[in-house]
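Number of protein chains: 2
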Amino acid sequence: MTDKKLIGVDLGGTTIKFAILTVKGEIQQKWSIETNILSDGQLIIPDIIDSINHHLKMYSMEADQFVGIGLGSPGTINFKDGTIKGAYNLNWQNSVYPVRDIEKGTGIPVTIENDANVAALGERWMGAGNNADDVVFVTLGTGVGGGIIANGQILHGAGGAAGEIGHVTVDPDGFMCTCGKRGCLETIASATGVVRVARDRASEYAGKSELKATLDDGQDISAKDVFDLAKENDDLAMIVVDYVCESLGFALANIANSLNPKYVIIGGGVSAAGKFLSDKVDAAMRKYEFATIKASTSLKLASLGNEAGVIGAASLIKVD
Amino acid sequence: MTDKKLIGVDLGGTTIKFAILTVKGEIQQKWSIETNILSDGQLIIPDIIDSINHHLKMYSMEADQFVGIGLGSPGTINFKDGTIKGAYNLNWQNSVYPVRDIEKGTGIPVTIENDANVAALGERWMGAGNNADDVVFVTLGTGVGGGIIANGQILHGAGGAAGEIGHVTVDPDGFMCTCGKRGCLETIASATGVVRVARDRASEYAGKSELKATLDDGQDISAKDVFDLAKENDDLAMIVVDYVCESLGFALANIANSLNPKYVIIGGGVSAAGKFLSDKVDAAMRKYEFATIKASTSLKLASLGNEAGVIGAASLIKVD
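Line by line, the protein sequences give chains R and Y. Numbering of the first sequence is given in the numbering used here, commencing with residue 1 and proceeding in unit increments. Numbering of the second sequence is given in the numbering used here, commencing with residue 321 and proceeding in unit increments.
Bound conformation, chain R alone (with noise of 0.2 Å):
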């Protein structure tokens, strides 16, 4: 195997993060920079740029060490030129050329992939997928996102939008979504979902719970709080627990009834919750799965954080 590295590099809204990796998946190297989106977004490829070449230049190496670089970006990705669309986050109005632009300004070669995608292929190369060919990532933060890989490949779908499972209908009387739907996934198991939930269940909760008088007295509740309160046995938190994780163990069980992977991987902010979370998902993904699922899929929390996206970026780069 070569010794040249990899370079990962993970574009979010609010920080850019970077690796120096090993073609095994090892980070040797680390560092973020902040998101600038002012000027429509024009600063951050350049920005991308000056960084890559500037620790290139304070660790003493050369572009030719690197196989090539890999990036993962919010929005939509066009593989034949490319480009990328509709990442509002990053105030982009029109197509931007990260390939094209930073290949330039580092002379290395560099692949993109959608960021839920990345932090899929990370956690299945390193974390909690075990480098499984048949893995199904789904992350619960501020929304509801994902990557299915099957074959070992990343799924994208005729319209880019294979593993968006945040879209998946759990209840079709339930809260309206922003995509335009009702009972979406991301509107009870994100973790503004978990929160809607708890709002909702407060309304028309009579009992004696620390939750309901928090909500009453107007303060402010995270999805940790209602989380950290359910492990208290608190009553209310309990019930929007029991509702968020049966929710979402019936849509990760028919995903998996219908793709059979090898693992499941929860993660995102929500995940937090650790055991307490995957247990009760687990139970009810059981519930809803037939013999052979329930014999050959697992669940399992996602294990790399933060890392994900640097180390999925990098698995983009193809090695010989």
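Bear in mind the hints are in silico, worked out from the structure with no lab data behind them. Please read all numbers here as calculations on a predicted model, not as lab measurements. Some hints could be false.
Label pairs and their in silico Cβ distance ranges [stated by the list, open to error]:
id: 1; chain 1: R; residue 1: 320; chain 2: Y; residue 2: 417; range: 34 to 40 Å
id: 2; chain 1: Y; residue 1: 526; chain 2: R; residue 2: 89; range: 52 to 58 Å
id: 3; chain 1: R; residue 1: 287; chain 2: Y; residue 2: 603; range: 28 to 34 Å
Quick look at which bits of chain R chain Y covers, simulated, 3 or more residues with Cβ under 8 Å [unchecked claim]:
id: 4; segment: 40 to 47
id: 5; segment: 154 to 161
id: 6; segment: 245 to 255
id: 7; segment: 284 to 292
To give an idea of the chain R side of the interface with chain Y (calculated C-beta under 10 Å), a few residues [claimed, not checked]:
id: 8; residue: 78
id: 9; residue: 166
id: 10; residue: 168
id: 11; residue: 172
Idealized CB from N, CA, C, for every residue including glycine.
Based on these hints, arrange chain Y on the given structure of chain R.
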């Protein structure tokens, strides 16, 4: 492209279908024999060998004029050692070795695949699938089966159950399924499922309906009868068909929301109800799909009928 030919074999519980095809998928000859399941099905593989050899002789063809034989079979296929297990409708009690035995008996290389996956590959290659890279195929027969093609490859999953979408849970409080859980798509949208729904709804139905009268009279009905009556606006039949199509639309929309295939294709006996069925399923799907999916995934009726199996089996053969 080579002038050599392909042989597709579709092994079913009642008949074994054979075809000789060009590498472009055109059928040049086809025939079929009865499946002899006596003697624990031990005569099936010898019968396949004899029938191929007999027909090659009849057409004055030699083994070296063929690239390979593709075989679609019920049961669970072990791709490593070329064996099949659990094909209960063929009376096979133990593992059988079709790859080894048919290669030896004909002198032609053999590739095998699950029967539902083979039908999916056939529809994808020469039928409604338009040779797209991402196709979900669902077959509504005695049961509900299916196959998923993603990135141009059939998916097997970790336990070989990828694409078995008949056991997606549609209604957690629904009918008990043979698989042991409740509300599987198969309990509603298979031929037997449609009849089950009809009987269930009839028991609580009080209006005027020929379907109700037929059932109350103790007559047997088929899924086709229910769809035929619904087409004539029979009130109870419409209630049944609406529930079946709504359930199917919900399940298929969520698969589409996860995988974003180019086409979702409905085949099998129940799909003979044609556009009447697919229009209703399409309307339900669109209700449960988010915008990108509505714009890039389309529902279609299967177009190959009985030939999907032999064509899909032939497509298993790698042509250089």
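Comparing the hints with the structure gives:
no.	hint	in the structure
1	320/R with 417/Y: 34 to 40 Å	holds (37 Å)
2	526/Y with 89/R: 52 to 58 Å	holds (56 Å)
3	287/R with 603/Y: 28 to 34 Å	holds (30 Å)
4	40 to 47	violated (count 0)
5	154 to 161	holds (count 7)
6	245 to 255	holds (count 5)
7	284 to 292	holds (count 6)
8	78	violated (14 Å)
9	166	holds (9 Å)
10	168	holds (5 Å)
11	172	holds (7 Å)
Of the hints listed earlier, those the structure fails to meet are numbers 4 and 8, in rising order.
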